[in-house]
Each structure stands twice: as structure tokens, then as C-alpha cells.
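Engineer: So the chains spell out like this:
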Amino acid sequence: MIRNKIPTLYELSVPGRHGIDLPATDVPQAALPKAELRADCDLPELSQLDVVRHYLLLSQRNFGVDTGFYPLGSCTMKFNPKVNEQIARLPSFAEAHPLQEPETVQGNLALMFELQQWLAEIGGFAGVSLQPAAGAHGEFTGLLMMRAYHRERGDLKRSRILIPDSAHGTNPASTTMAGFTAVELPSDARGNVDLDAVRVACDDTVAGIMITNPNTLGLFEEHIAEVVRLVHACGGLVYGDGANLNALAGIARPGDLGFDAMHYNLHKTFSTPHGGGGPGSGPVGVSAQLKEFLPGPVVELTRDADDARYVFSMPDKSIGRVATFFGNFGMLVRAYAYIRQHGAEGLRENSEHAVLNANYLRVKLRDAYSVPFDRINMHEFVCRGAIEGSGVRALDVSKRLLDYGFHPPTNYFPLTVPEALMIEPTETEAKPTLDAFVDAMQTIAKEALDDPTLLKSAPHDTPVKRLDEVKAARELVLSDRTKVAKD
Amino acid sequence: MSYVPHTERERNEMLAVIGVARMGELFADVPAQVRFPALKLPPTASEIDIISEMQALAGRNAAVDPALSFLGAGTYHHFRPAIVDYVLSRSEFYTSYTQYQPEVSQGFLQALFEYQSMICRLTDMEVSNASHYDGATALAEAVLLALNAAAGKRSKIVLSPAVHPQYRAVVKTYLRGTHAATVVGDEDGAADLEQLKRLLDQDTAALVVQNPNFFGQCEPTEGLAEAVHRAGGLLIIVTDPISLGLFRPPGAYGADVVVAEGQSLGIPPAFGGPHLGIFAARMAQVRRLSGHIVGETVDADGRRGYVLTLATREQHIRRAKATSNICTNSALCALAAAAYLATMGKRGLRQVAELCFYRSHYAAAEIGKLIGFEVNPQAPRNPFFKEFVVRLPGPAAEINAQLLRQHGIIGGYDLGRDDPHLKNHMLVAVTEVNTRASIDRLVSALGKVAT
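One line per chain: the protein sequences are L and R, in this order. Taking this note's numbering, I'd label the letters of the first sequence as residues 1 to 487. Taking this note's numbering, I'd label the letters of the second sequence as residues 1 to 451.
Here chain L stands alone, though its shape is the one from the complex (with noise of 0.2 Å):
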């Protein structure tokens, strides 16, 4: 393993090296208002195999899908298929400017408008509008909808949004930035939302419950038709956290169990790349009685004479814009050849998979890490790390697995289970894959118990160890020219 540093593109730097040559300008140069140039922009100088070079080896110090097993819980990390990259790079669709008039994109508008179709049928909803930019920007496009939808009512005591003590962070977070109070509900002893804490909480102030189902233990909601119909009797919406749809495509409907509108991680469930944190997309489904809510502009079907044509409109009392243009096109791409490929048969076919091999992994290893909720789980799994007698935690188990070539579970999360490891293979695993993984998982938790220190000291065999983020955040060194130390 090269353990060298690797210089910054700056320490790389040379005052007078280019990369690249601009054509000579081929018309008069008007003249420049002085008084607004600067001297300098800062930028480094590099050749063109500076760059290249310098991404190369970064890239060999990051670790992806395409490098090994990466049962990252809640984040879906399954194959991006390659023709998918190649497809959203054809130059009708990478060249098109989003504000060329509609007749001149119609292939564009087509893509989303069947890409709405289909999502809307996936989840069991009347309408879809692809605008929001990731997970969380839709959770916070479903709550500006719900407080519409009560408001147009006349309904303006509905403050209080429910969420499980298991919810996703960004649910509490979405609701405090769309003016709602989130108010905390309790789990019970199988690891569902606790009923009675459902039905004492709602009153005429609920404007609605945000659930994720599979909920974050990977747990089916077993009283998920009593939630919605306690939400809906006292005069609220349910949301939905699209986040583990991959356990759900083709098995079951969010719409068919009573949910008003949920959002779709188009990075998880249908494979567009995570990008290293983005970008994703994430479309919002609602049910009838949202759909004029949605943000805008949504694509419609309008047939003159004998002519199909797409037009954008802007939904009747729709909350606005939640983004520029309409969504990441790029992805929409990608989520739509993938949905092609594989119909209804094929993403039944995933979510069966996902599951499969998420109830594989958890028989495989509750032996050796407890598994509270030890039941058929959905498409994850939450176990402890600890290694009871050896002082080991979910942390020391996740830096030793990076020893072994892989990438860790979410660890910590939820906030629910003490020492958390939270494990989601997806269905484009296979078997060999997984049992390496159950081998190096029952060889840590040999080791936690022989040498704890070669765990509390891992990783061992990672280009750094580890990393001390507490003089992170405290000296503050965000840029490499700004190392400003803070108290």
C-alpha cells in the first residue's frame, strides 16, 4: 500500500505551466472595463498529465460499488450498470438546454413524462413531479404540499408532524425547515412505530406523520394500515420516506396502503450512481387530493388534431419551484432505461433478491453479533457491534472490515439500537460475495475477543489510519489557504 501523501494540486503547482490553449480571440478586442478586472484568479498551473495523474491515484485511494462490497444501510449501494452511463451521455440529452422551446425536445419531455407514468404506478400514486434534486429536497417538497393542502382548507392548527424514533435524520430536519414541529414517537418491543403512541399523538394539530417503511430497522411496519387510518381519521397526511423503496417495488403500493405522498431516491432504489454524495434526484409521489400541489413544471400529453405533443404546465395550486428547470434530467435518464430494463417482472425480481440476501446475512451472522429485532427483515438489518467481554464497539467492527477489503455497514444509525450496525447488501450481490463477508465479519468478532487492540487500532491496511476529527473541527483547516485556528 503507497502511504505517500499526495500533493495538493496546488503543492503541484508551477507559476507558468498550462494545460490548455483557447483559440486566439478571431474578433476585436473591445475594451475591458478596468476598474472591474482583478490581476489574478489564484487557479493552479498544471500540464494536462499533472491532472490526469494526480485524479488517477486519488481515485485509487476511494472506494465504490465497482471496487468491493458495500452494505451501506439505508443508502442502497447496488451496481449502476455501465450502459446506463453511456445512455445519459448521448448528446441529445447531455447538449439539451433546458429552456429550448418544448417542440424541440420533445424526446425529453417524453422521457419524463412516461419516466412520471411509471414512477406514479410503481408507487401507487396520481401524480409524480421529478423536480426535486435528491431524498431530502423531496421530503421537504411533500411537507410544503401537506401544509398547502390543510391551508387551502381553511386547517391552520395542523403544526405537528409525527415522526418515529427511528426516522432518517433529514425527516425531523425537512419538517423544522418546512415550519412544522416534529414531535418524536417511541418504537415498540418488535421494533414498529408504538401504536398507542400513534393514537395518543393525534389530534386536529397533526398535519401529518412522516414513515419509513421498511422502517429503518428493516422492519416491515406491522401495524402500518392502523397508522395510516389513526393519521387520516384525526385529519392527517401520510408521508412517506421513499428511502427503502428497494425492499417494496413491485411487492407493494405506498399508495395502495393509504400514503399521501413519498418521495423516490432514484440513486437507490433505480441505480443512478451516488456521485460520491450526489448528485441524486428525488421525485415526489402524491395521491389525488396533492396532485394540484405539486411543484412545477410537471410534463403533460396533449393531442391536437392527430398529433401527440408534451408541454410543460404548472399544476393549478402548485407550491412553486423547488429547484431550476425540472430535476436532474441526467438522472431521469438513467432511472428510465433502467426501469425499462427491467418491467415489472425485473424490479419484483430486485426487491425479492434484496431481501433475500438482507435475511441471509442476518441468519448467517446473529450468532456472533446480536440482532434485536430477530425476525424476516425486508431488504436490511440492523445487528450490535459491540463484542461483549472485549470493550470493542460498532466502530472498532467497521475500521477492522476495512482491513478485509470491505466497505462498513451504517454504523450508529439507528439512533434506536445502542452500537448500531446497520447492513444492506441489495440484490446485485451474489452469494460468494456475501459468505466473504460473513467470514471476515465471525473472524473480527474471533479477534475482538483475542487481540481487541489490533481491533481498537484498525485499519491497518488503508492508505491512512485513522483520522483525528476532533482537530478537524476544531483548527478548522477547510481550504489550503485558510488555516485559521479556532479557539
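Please keep in mind that the hints were generated in silico from the structure rather than gathered at the bench. Cβ coordinates follow ideal geometry from the N, Cα and C atoms, glycine included. Any given hint could be a false lead.
Unchecked claim - Derived CB-CB ranges, DEER-like: (1) PHE36(R) - LEU454(L): 46 to 52 Å; (2) THR181(L) - ASP203(R): 34 to 40 Å; (3) ASP203(R) - LYS471(L): 53 to 59 Å; (4) GLN55(R) - PHE312(L): 55 to 61 Å; (5) VAL20(R) - GLU345(L): 17 to 23 Å; (6) GLY372(R) - ALA24(L): 29 to 35 Å; (7) GLY372(R) - PRO28(L): 22 to 28 Å; (8) GLY68(L) - ASP203(R): 39 to 45 Å.
Position chain R against the provided structure of chain L, taking the given hints into account.
Structural biologist: Chain R alone, transformed into the frame defined by chain L:
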């Protein structure tokens, strides 16, 4: 077509380990009446089929020659060096997720740290986040930052009408839930900065100005920061990163927060996204920034390394009290921008900016010679960068239709789309990809459609 690798034999072995006889038993918790819906989707397609089908779909778009497109208004055709897509195609980068395990994410973390470093220098700010969704959402979050900085004591945002209309719309959507502020200033499309300054008062959390503005004009920034600071608010500047190759950066004229659409930095137009929200600020605001931030530190052996830092601002730690709900961002687009800026370097970016300036001024001068056309009628003497307004002898929509049908040219943005009073005006964008020959074709075509 599916990417499930399991053989029949493996599947059966796994079901036996779990202790169920068939796949369906894994779904017993799903209410029977909704289980296994018959989805109405088109049948499956093979990889061969999907390629030809998608090519056919793409073929329903009119082919665009970027040199013959003069459409900008927030998204631009700029030259993208081959290196950028080479870097984006490294799947160690694009198939990874947020860098929660820094020991195996040093590559992306260093790339993002370098991105932050270059954005800080380009804007002359002290801190940049690791990206936001797009320019408009970055602006909306900047407005929320300003309101947080005022700790509930200020509830007015003065918004210039010369900020991109879609950005203004997104800011208003973001404020719909909390009613944390009223937005003033953009009701009168003709309001200039002097008029906006008069709206600043002790209730003002921020003044938002785009420079160069939506109409391509350089705004007079002298005294701007002083005026808003005197009132106790923050100056938020929306800018074009290409313009910063040439013009004074917002930090130099006192901006507190700088946001921008980073699409121009090596990212394809892609019908509007994914793009890149640039979000930079003064160090005083660092704990109010939204999104991931990468910081430098050392490992257990004292070697330099990078981590995500200041996570206590973020939703996964602070939940309802987080500065923002953002989680997934636009990291891969930040990587594209970093590779672009590294390849262009200080000379290259200046050359791009100069070409934009010279060619747009050439186009403006030539169009201005046509009878019935007037360039920048609202402020003919103001400096502009790469876009300018043209008053046309007829409706922009009609002239654009003729340009396309008869000359294969995509004309400028029809300003009547946002303001009916401006239906005879278009916003023309000229960048380094529009050659002199293509500009001459536009000018000649405009001369013909007008007669």
C-alpha cells in the same frame, strides 16, 4: 433484463439457511390485499434493445450544435476539456457515496478539499461547502443562513429583480413554510441597486444581488457592502464562476456569502441538471453553512488526511435543529468543476472569460447595427460580460421560431416568458464555443427574419 446474479441453486441454498421454503414467505408482513401488485409497465428490454430505444428517444430532440446556440439564462454551452469526463468516468469516484469512512475515501475527500480551496480563491471567500444541489437552492439556503445569523431578529430579505427569475421563485418557495421572512425589492423589474439600498433597514437580514446580473450586466458594487453592513445585514452575491476569471471577486467588494451555478465549470447542460450549487462564505458564517464540508487533519501516525467536519451542523446529528436538511448533494459535479478548474488553470480560465467578453461584445456590436434592433436598451453604457439584451422588431418567440426553422440557430432567451412587457426582447448568450463565423450567421439570420 435484471442485474441479479443468483443461480437457482444459490437461491435455494439461501432460502434453506433462512428457513423458508419459497421467496414469497419473506413477505408475510406485507398485507395480503396489497401484496404483489400487477404493475402496468412496459415489458423488459435487453441491453441491445435499450440502446437503440434510447437513441431513438434522443433522436426526437432537435440536434443542437452548441456553436449555433445563443441560449444561456443560467445554463451555458461552454467548452469541456476531455479530462473532465475522464475523471468523472473513474468508477472508484462515481460509484462511491458520502465519505463517512474517511480511511477509504481519501481520494474523494482530497478532491473536495481542493474544490473548496479553488472556490475560495475564485470567489475570494474563506470557506466553501462541498457542494449544493444547484445555484438556486444554494441561494435559498444562503437566505436561510442570513436569517439564522440574525437569530430571529430580522425578517426582511431585499432581493434584486435582476436575480434570475427561477432563483427568486425558489427562494420564495423555501420561505413558504416558515414565513421567516418577507421578500421585497423584486416587485419592480426596473429597480436598480440605488433603489434597493433605500429598502435596507434594521429589519433586513440580507441583500441579494446577482453580478453579472440575469441580464448579463455588471452591477455597480461600490458602497454596496457598506450599505448593507451599516444596516446590520449580510450581502449575498449570486455570481457566474466563469466571470471570475476576469472580474473582481465578490470577496473583494465585501460579500458575506457567495453562491453560484457551477454548471459552466465542465458540466454538460443536460436539460437543466444535474448541476452544481456553489456555496462559499466568510469564516464568521462557517457554523451556519449547510451541507458537507471537508477539513484537513492527521491520522494516528501523523500523516496528512481529510475528513468531513463540523457534522454537528448536519441533519444526521442535529435532526430538527440542523442548519439544513441536505444530505445527498452534488459531489460528482464538484469533482467535475475541480478537474475543470485544474485543467484550465489561472491562464485558461482568464482566456475563456476574455473570449466570452470579446465575442459577446462583437455580437452585440453587430446586432446593434441592424435596423430595428437595439442592444441593452435599459442601460446601453453599462459593462456586460457574456450576455446582453436585444430589443427586437417583433416578438422573440416568433423570431426564434424562424431562426430555428430557416437557419438552424437556437436564438436567445425570450424574456417575455417571465415578463409580458418584454416579449419583444431576448437575452443573447455568447461564450467561447460561439465562433465568429457562428456569430456572423446569427447576425445575418436576424437581419433576414426581421425583413
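Engineer: Each of the hints needs a verdict: does it hold here or not?
Structural biologist: Taking the hints in turn, this is what the structure says about them:
1. The hinted window of 46 to 52 Å between PHE36(R) and LEU454(L) holds, with their beta carbons roughly 47 Å apart.
2. The hint said 34 to 40 Å for the Cβ distance between THR181(L) and ASP203(R), and at roughly 25 Å that hint is violated.
3. Between ASP203(R) and LYS471(L) the C-beta distance comes to about 40 Å, which lies outside the given range of 53 to 59 Å.
4. In this structure the supplied range 55 to 61 Å is violated for GLN55(R) paired with PHE312(L), their Cβ-Cβ distance being about 24 Å.
5. Checked against the given bound of 17 to 23 Å, the beta carbons of VAL20(R) and GLU345(L), roughly 21 Å apart, stay inside it.
6. For the pair GLY372(R) and ALA24(L), the supplied restraint of 29 to 35 Å holds, since their beta-carbon distance comes to about 33 Å.
7. In this structure the supplied range 22 to 28 Å holds for GLY372(R) paired with PRO28(L), their Cβ-Cβ distance being about 24 Å.
8. Taking the beta carbon of each, GLY68(L) and ASP203(R) are about 55 Å apart, not inside 39 to 45 Å as hinted.
When each numbered hint is compared with the structure, violations occur for hints 2, 3, 4, 8.
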